[in-house]
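Residue numbers (this note's numbering), protein chains in the order written: chain A, 32 to 355; chain B, 32 to 355; chain C, 32 to 355; chain D, 32 to 355.
Where hints are given, some of them may not hold.
Each pair may be met inside one copy or between any two copies, as identical chains are not told apart.
As a list, the in silico DSSO-like pairs of lysine-lysine whose alpha-carbon atoms are at most 27 Å apart [stated by the list, open to error]:
1) 310 / 77
2) 84 / 239
3) 292 / 239
4) 94 / 77
5) 84 / 94
6) 77 / 184
7) 310 / 239
8) 91 / 77
9) 184 / 310
10) 239 / 60
11) 239 / 77
12) 91 / 60
13) 292 / 77
14) 60 / 310
15) 292 / 60
16) 94 / 184
17) 91 / 184
18) 91 / 239
19) 184 / 292
20) 84 / 292
To be clear, the hints were calculated from the coordinates, so they are not data collected in a lab.
There are 4 protein chains.
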Amino acid sequence: MFSFRALKKYRRGVAILWKRTNTQNTTRKLDIGGIYPPIATPFTEKEEVDYQKLDENLQKYSKIPFKGLVVQGSNGEYPYLSVDERLEVVRRVRCILPSSMLLMAGSGCESTRATVHMTEGMAQAGADAVLVVTPCFYGGRMNSQALIHHYTKVADASPVPVVLYSVPGNTGLELPVDAVISLSQHPNIVGLKDSGGDITRIGLIIHKTRLEDFQVLAGSAGFLMAAYSVGAVGGVCALANVLGEEVCDLERLCLIGHWDKARELQHRLIEPNTAVTRKYGVAALKQAMEWFGYHGGATRSPLQPLLHTELQQLRMDFSSNGWL
Amino acid sequence: MFSFRALKKYRRGVAILWKRTNTQNTTRKLDIGGIYPPIATPFTEKEEVDYQKLDENLQKYSKIPFKGLVVQGSNGEYPYLSVDERLEVVRRVRCILPSSMLLMAGSGCESTRATVHMTEGMAQAGADAVLVVTPCFYGGRMNSQALIHHYTKVADASPVPVVLYSVPGNTGLELPVDAVISLSQHPNIVGLKDSGGDITRIGLIIHKTRLEDFQVLAGSAGFLMAAYSVGAVGGVCALANVLGEEVCDLERLCLIGHWDKARELQHRLIEPNTAVTRKYGVAALKQAMEWFGYHGGATRSPLQPLLHTELQQLRMDFSSNGWL
Amino acid sequence: MFSFRALKKYRRGVAILWKRTNTQNTTRKLDIGGIYPPIATPFTEKEEVDYQKLDENLQKYSKIPFKGLVVQGSNGEYPYLSVDERLEVVRRVRCILPSSMLLMAGSGCESTRATVHMTEGMAQAGADAVLVVTPCFYGGRMNSQALIHHYTKVADASPVPVVLYSVPGNTGLELPVDAVISLSQHPNIVGLKDSGGDITRIGLIIHKTRLEDFQVLAGSAGFLMAAYSVGAVGGVCALANVLGEEVCDLERLCLIGHWDKARELQHRLIEPNTAVTRKYGVAALKQAMEWFGYHGGATRSPLQPLLHTELQQLRMDFSSNGWL
Amino acid sequence: MFSFRALKKYRRGVAILWKRTNTQNTTRKLDIGGIYPPIATPFTEKEEVDYQKLDENLQKYSKIPFKGLVVQGSNGEYPYLSVDERLEVVRRVRCILPSSMLLMAGSGCESTRATVHMTEGMAQAGADAVLVVTPCFYGGRMNSQALIHHYTKVADASPVPVVLYSVPGNTGLELPVDAVISLSQHPNIVGLKDSGGDITRIGLIIHKTRLEDFQVLAGSAGFLMAAYSVGAVGGVCALANVLGEEVCDLERLCLIGHWDKARELQHRLIEPNTAVTRKYGVAALKQAMEWFGYHGGATRSPLQPLLHTELQQLRMDFSSNGWL
């Protein structure tokens with residue numbers, strides 16, 4: 032397996048190469064390039080957060096050449112956690128995680144004021160950066176103007192760098208390109224996690240923000256290679272909870288330009304990735320984690336366990352690609 | 032203007048007529064037939080809840096022949112309120128509202144456990160019934176099975192009757208007909224607020240639940256008359272915050288079968304209603320409230336005030352129908 | 032059963048009532064109020080048009096108090112007919128149909144020039160009016176301006192009155208309200224068939240065209256009663272191919288204001304209607320026609336026959352409502 | 032500029048490399064790898080096909096290292112051409128086009144029988160292959176079973192190889208992955224043009240058909256590089272009507288593995304490409320053709336000319352990327 036050190040070297044090289052144009056910036060923004068699992072939150076049978084199991088997962092993740100972890104992305108069931116639980120989970124992760132690994136914490140709420148408050152709390156709990164999902168309940172009114180206002184307020188107040196987060200599959204809302212371009216100029220906004228998977232859009236955003244120190248992360252392993260091809264610097268991949276080494280290997284192959292091998296690996300990751308995300312969701316992710324030696328466990332209600340036929344199909348989506 | 036007493040008599044007559052088939056039920060479910068404004072939450076300039084202004088609005092609403100009020104429907108900006116604020120607002124409304132008026136409080140959260148908790152809190156704060164929106168963040172997995180499970184748990188635990196709430200415009204999710212039919216049999220689930228406006232679906236739900244003591248409320252003044260025509264028993268109408276007497280008058284005309292006059296009134300309510308809901312949202316509702324003698328005020332961020340052109344169009348949507 | 036003559040009298044009364052405001056028009060537009068089945072096109076086993084069976088269906092339809100027939104609406108599989116077949120079918124229907132019945136022929140094509148040509152052909156083949164579906168292939172560019180241009184050209188050229196046709200379920204496109212309002216002023220455009228089922232929109236269109244001699248037809252039996260309640264003057268209902276008398280009876284009950292009986296009947300028509308339209312489509316409509324004594328037969332490919340389970344469910348959708 | 036011969040050599044090398052696994056096939060399917068402009072159809076002011084201008088465009092396209100031309104893809108306004116015009120345009124192109132260039136003709140119609148007929152006509156008119164769009168009017172019933180049936184009938188009957196065509200932006204329908212996989216095994220189906228731009232789906236299709244001699248073409252220049260990265264063999268790109276050399280250059284850079292240069296070029300093509308497709312459509316494509324020395328001219332109605340502001344924005348989308 033590829034070593035930590037070697038991967039870091041590559042990442043640094045790439046970061047330098049892709050940011051050469053930005054010489055006008057005297058202080059650089061936080062480098063967020065690399066792979067992150069958006070970790071799941073294990074629960075006990077009574078649906079309480081199981082911190083013991085969380086710790087054990089973290090011990091294992093610490094040995095994989097991730098850039099860091101995302102805590103309370105969509106896969107962390109954050110909408111099902113109370114305010115206190117959200118903060119406590121981040122505190123716990125910070126205790127276990129090596130300081131060399133970046134802790135990116137989801138701090139998005141519906142209102143601007145709650146998001147600011149949660150962002151401050153996350154920073155205090157030890158987050159190195161916050162990932163802020165688009166508010167979406169009043170989706171029809173969440174136009175560029177409203178979203179720019181929201182993110183500017185949050186970034187102004189945040190003690191740590193802010194990463195924008197567009198996940199239309201959950202929110203029904205895609206952060207508009209013009210809003211991203213505008214926000215890329217904010218000194219405390221360092222990048223975007225884009226989970227929509229529209230590769231034309233991702234390429235355009237990278238193109239239009241090329242003069243800023245702005246970094247785009249693919250929000251899924253399904254289009255990770257394509258995202259690298261058009262200039263993304265990493266990925267937040269649910270599948271990395273299960274096949275972490277393999278996703279990092281795909282990163283490495285893209286970074287060193289071994290596109291043929293990368294393609295072969297990318298192809299084998301699509302079906303398992305779709306299975307644990309769009310197709311069957313968090314319950315499938317947690318089930319697959321169990322198969323691969325992690326603690327997944329139950330989801331919180333109203334998320335339901337998989338049906339028997341879904342379980343069989345999930346297994347097939349891994350095994351038919353040589354992973355089980 | 033039509034008197035309270037007369038309207039109540041009509042409502043009772045209708046309730047009896049439409050429920051004659053349900054004689055097998057020895058104990059009847061709570062009668063929720065009638066009109067409700069889903070009240071807005073006034074804020075101060077600093078975006079704090081303005082209880083003083085809330086009180087003054089409630090004084091006025093108490094004089095309109097509403098069946099009751101919905102507190103923390105979508106128009107109450109409930110996703111922008113903290114847990115404590117949600118409860119406090121309900122407590123305050125309960126203090127002011129005449130006991131003859133039904134207080135229906137929105138208690139929906141994303142997780143089942145939080146919804147149960149909030150439901151209990153709302154009952155304790157004085158709610159006569161709770162309105163429970165569909166959880167939606169993991170929309171792809173919110174199938175009938177998950178939603179039936181969710182609502183059953185909530186209704187089992189709730190000290191007060193539960194009203195289902197389907198609002199696809201905000202949640203991207205329509206509570207499936209088969210789930211509604213199944214849930215209609217729960218002794219503590221009394222009805223559905225349907226804001227989607229698919230009148231075929233509303234008719235079908237009323238038809239398929241005709242043997243249950245199950246009541247459907249239109250979720251908007253835009254299709255209130257049509258909903259009455261196919262058997263709805265009332266409506267929760269944003270526009271009733273502004274034109275409360277008029278919406279109650281439309282109810283009356285439908286109940287007594289004056290369809291020609293009802294049609295004329297219904298027609299004049301469509302544009303103002305669309306303006307304060309789908310078209311411009313809560314900010315428009317609050318602006319219109321100001322024009323009609325209520326306290327609307329600002330929205331919480333990220334909701335933005337209307338642009339000047341929107342404001343002009345909003346005024347036109349009222350004035351061109353004879354309301355300003 | 033209600034007699035032809037009586038129904039006509041009611042229709043006339045209603046037409047007079049609803050059009051009283053339009054006294055500025057010295058010449059009245061064609062009265063299209065009433066019920067129409069959008070007839071299916073029977074095929075032989077080799078997928079040729081079966082004119083013999085068509086004739087036999089027409090004989091039966093002639094005895095039902097329809098206002099007329101729609102030939103080559105969506106249920107006529109018109110996109111699967113050649114130009115010659117489209118014209119020939121209309122010619123054939125004209126031969127059989129009593130002259131008292133209105134023949135409304137679908138003449139919509141993608142290009143304006145083809146639609147003009149087809150419209151002229153339909154008029155020559157004996158159509159009393161044409162029904163013109165929105166062009167839709169370049170849906171993203173079919174804005175109000177383009178559609179107003181299209182329909183104006185067609186209506187200018189057409190020898191017979193034009194009915195607009197909005198059917199988003201097939202075209203992905205809803206004819207915008209502002210385009211309808213603008214087009215309602217054209218002397219050769221008499222109305223709109225709206226199959227989208229958005230009853231708020233239907234009410235608004237009727238309201239905003241109230242000073243024109245403009246008539247709205249519900250495009251489905253599923254929301255026929257609701258459409259009457261807000262001011263529609265009739266319906267083009269796939270289900271009328273199967274339950275023609277019953278749909279006319281629903282019309283009658285609405286026209287004479289027997290809303291309670293109407294509601295009961297409407298309720299029982301929703302499921303069968305959905306089954307032969309949105310749920311299972313033309314193949315189901317043709318199957319149901321066989322059950323009720325008409326010739327339905329096969330669809331043209333790529334439309335496929337129903338699966339066995341679909342067939343059973345289709346039957347249930349009729350029988351559980353007392354129709355089989 | 033890169034020479035024809037050199038590009039052909041690269042293409043051949045890539046074709047050999049990517050098809051090595053398929054040694055079980057004794058006869059190979061037609062090699063369709065490379066770039067194609069889906070040519071526009073010039074019209075006179077009276078909206079007649081302008082064959083003279085078509086010829087002149089073809090003369091110019093013959094000098095660009097395209098693999099071939101697509102005649103009557105969506106950009107050819109084929110839904111606006113009569114059956115005779117569709118065939119005549121193909122005949123004309125065949126006369127002018129060098130025999131070394133592949134002529135791929137759109138032959139899709141709504142019914143299977145019309146598509147078979149058109150396919151035969153296209154082959155007779157000189158097409159080397161046909162591009163068959165998914166039928167879509169009865170979209171709700173166009174499931175995998177119906178589409179597999181449709182394409183199998185067409186491919187069985189077609190004298191020339193068949194390319195599947197999925198263009199959800201126009202049809203509202205994405206050809207399901209399982210249908211593509213099944214159809215890839217047909218000896219007369221050689222590939223898929225995918226215009227949806229879902230790169231995860233494209234990767235999956237390439238992966239799941241890797242044992243077949245099945246080739247995927249990107250349906251747009253916006254995601255061409257990403258498509259190459261996951262294994263596509265070429266592209267049908269509206270933008271190639273305008274910037275043909277440049278799109279071929281992007282192909283070359285991808286084929287020889289110059290990903291950094293490719294990325295830079297890809298980035299500059301996204302905005303102009305979006306402008307002439309999704310954003311402003313065929314009218315914009317034709318306008319841009321005029322700017323770059325081709326005959327574009329008017330569209331057929333109901334497509335409208337661009338508004339002045341659209342025209343300005345269109346020009347900006349080219350100029351801000353260094354193309355005008």
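Exercise. Hint by hint, which ones does this structure get wrong, listed from lowest number up?
Worked result: Failing hints, ascending: 2, 4, 11, 12, 13, 14, 16, 17, 18, 19, 20.
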